[in-house]
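Student: So the chains spell out like this:
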Amino acid sequence: MISTDPSIWVMAFFTIAITSLAFRDNPLAKFAEHTFLAAQAGNLITMAWRNIRSIGLQPLMKGSMTMLIPLLFGVALYTRYSKRYIWVSRYPTAMMVGIGTGVTVRAFVEFQFIQQIIDTFKPLNSFNNIFFVATVVICLTYFIYSLTPKSPALEKPMSYVTRLGRYLMMIAFGASMANTVITRVGQYAGRIMFLLYDWLGLG
Amino acid sequence: MASKQDGVWIKLQHIPREILYFLIIISMIVPLLRPMGLPITISPQTRSLFDSLNTLEPADVMLEFVDWSAGSMSFHQPGCIAVSFQAVKRGAKLVFLSTSTEGPLMYELMLEKFQSVFDEADYVYGEDYVYLGYVAGEETARAAIASDIRTAFSSDYYGTSLDEIPLMQRVHNYADYSMIISYTMGSPESFVRQFNTQYGVITHIHCGEMMTPTILPFWASGQITGLLNGGVGAAEMEVLVKRPGDAVKLTDVYSFSNILVFVFLIIGNIGFIMQRRKGE
Numbered sequence: 001m002i003s004t005d006p007s008i009w010v011m012a013f014f015t016i017a018i019t020s021l022a023f024r025d026n027p028l029a030k031f032a033e034h035t036f037l038a039a040q041a042g043n044l045i046t047m048a049w050r051n052i053r054s055i056g057l058q059p060l061m062k063g064s065m066t067m068l069i070p071l072l073f074g075v076a077l078y079t080r081y082s083k084r085y086i087w088v089s090r091y092p093t094a095m096m097v098g099i100g101t102g103v104t105v106r107a108f109v110e111f112q113f114i115q116q117i118i119d120t121f122k123p124l125n126s127f128n129n130i131f132f133v134a135t136v137v138i139c140l141t142y143f144i145y146s147l148t149p150k151s152p153a154l155e156k157p158m159s160y161v162t163r164l165g166r167y168l169m170m171i172a173f174g175a176s177m178a179n180t181v182i183t184r185v186g187q188y189a190g191r192i193m194f195l196l197y198d199w200l201g202l203g
Numbered sequence: 001m002a003s004k005q006d007g008v009w010i011k012l013q014h015i016p017r018e019i020l021y022f023l024i025i026i027s028m029i030v031p032l033l034r035p036m037g038l039p040i041t042i043s044p045q046t047r048s049l050f051d052s053l054n055t056l057e058p059a060d061v062m063l064e065f066v067d068w069s070a071g072s073m074s075f076h077q078p079g080c081i082a083v084s085f086q087a088v089k090r091g092a093k094l095v096f097l098s099t100s101t102e103g104p105l106m107y108e109l110m111l112e113k114f115q116s117v118f119d120e121a122d123y124v125y126g127e128d129y130v131y132l133g134y135v136a137g138e139e140t141a142r143a144a145i146a147s148d149i150r151t152a153f154s155s156d157y158y159g160t161s162l163d164e165i166p167l168m169q170r171v172h173n174y175a176d177y178s179m180i181i182s183y184t185m186g187s188p189e190s191f192v193r194q195f196n197t198q199y200g201v202i203t204h205i206h207c208g209e210m211m212t213p214t215i216l217p218f219w220a221s222g223q224i225t226g227l228l229n230g231g232v233g234a235a236e237m238e239v240l241v242k243r244p245g246d247a248v249k250l251t252d253v254y255s256f257s258n259i260l261v262f263v264f265l266i267i268g269n270i271g272f273i274m275q276r277r278k279g280e
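Protein chains in written order, with this note's numbering: chain A, 1 to 203; chain B, 1 to 280.
Just so you know, the hints here were simulated from the structure itself, not pulled from any lab data.
Note that beta-carbon positions come from the ideal geometry of N, C-alpha and C, so glycine has one too.
Hints may contain errors.
[As the list claims (entries may be wrong)] Here are a few chain A residues that face chain B, going by a calculated C-beta distance under 10 Å: (1) Thr-4; (2) Gln-116; (3) Ser-176; (4) Gly-190.
All chains, full assembly: derive it from the sequences and hints.
Tutor: Following this line, the structure appears as structure tokens:
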């Protein structure tokens, strides 16, 4: 049975309005787009304020004076709107960039390089392992730009290897693209399920 | 857009998008109204997540990062429900939290469907599960949660101080987390970096299919223990926990619509090859 819940009708309206954009640009789709952006902005402000209150202001009220430092840095960010005091905002920005980079980099080498390189050294005792190691080596040859074979006899075979590396990467890009299609289908299918089951009551 | 003067091969490459979208929507509606229940094969990535969940004990604490948005709710929500169901079945304690702004809304929508499971298992808020809300900072926030959760949260989502919540009195840092799982459409690498690489915490990821090729090498190397691959992964988990739900219904949609996309790819390529041969 079709839903009598007004909130379900509102959701159904916006789902259909946004879907209509796929067929042609129209005022309904634009209205839905702008409403979504406004709602997102409102949600963002609410969440940000809750964060400032719970992490900064509440501990400060309880006597944690060290919270004054990040709060002042936060306020200092707004000096970017003043031509005279814009230099003040560079300090909190520099601090955020520094901390963000430091936090990422401290685990980056171990995470992305060492562990991955270790995992590439596989025992060549199965087709999968041989194929994996061969693919890594062949794809890497594609990125060797500065070294070219000096012997003319090696030039042609090497060009075949780099070309094969390119094809193997294209297969990977194709698989990645197919996964993107599946993701989008899954995302939209959720809305179709909502329209059929929750709104029209057909499920 | 092909014009009236164009040949059939050019027209095949330029089928109007309205027709394509219409047919794709139809290919989604049909299997949802008439489910076929095509068999679902369990992938080793999902199996290892399920096996890992089965090692949970009642004293264990699992962190669940509710970081999906409305766009991926169709598969992240069923995935979270299936994983949480198995964790509750094992009696583990659950700490939900978000590092994306839509997280709190998504958690509340998920809870509407999951509250009955908590009630059936006699789970009490604050003792067996808790929701801490959203914290800004992305990777920096995740690093803070790993090293000391109180530097990121002073209270739960409803304003109760962490020290007044019985469950949180024994949860402080990575040493107290038995495992974590992140449900995200963004970049899941930061969770692995901050929890697994830094502290060796068992890390599971439920990402969108488009992120899977990027994240799969980290599962192969053992840096990620369990990996749910979007809607397909969520459906596999529903099958494993014997609670088929929304994700299982999605799999028929995937099959139908992917066949359609495949057919149009072939049609477009036939048009391209024939046009080149004829020199149009």
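Student: Work down the list of hints and note, for each, if the structure agrees.
Tutor: Outcome of the hint check:
no.	hint	verdict
1	Thr-4	violated, 18 Å
2	Gln-116	holds, 6 Å
3	Ser-176	holds, 5 Å
4	Gly-190	holds, 2 Å
Checked against the numbered hints above, the structure breaks only hint 1 and satisfies the rest.
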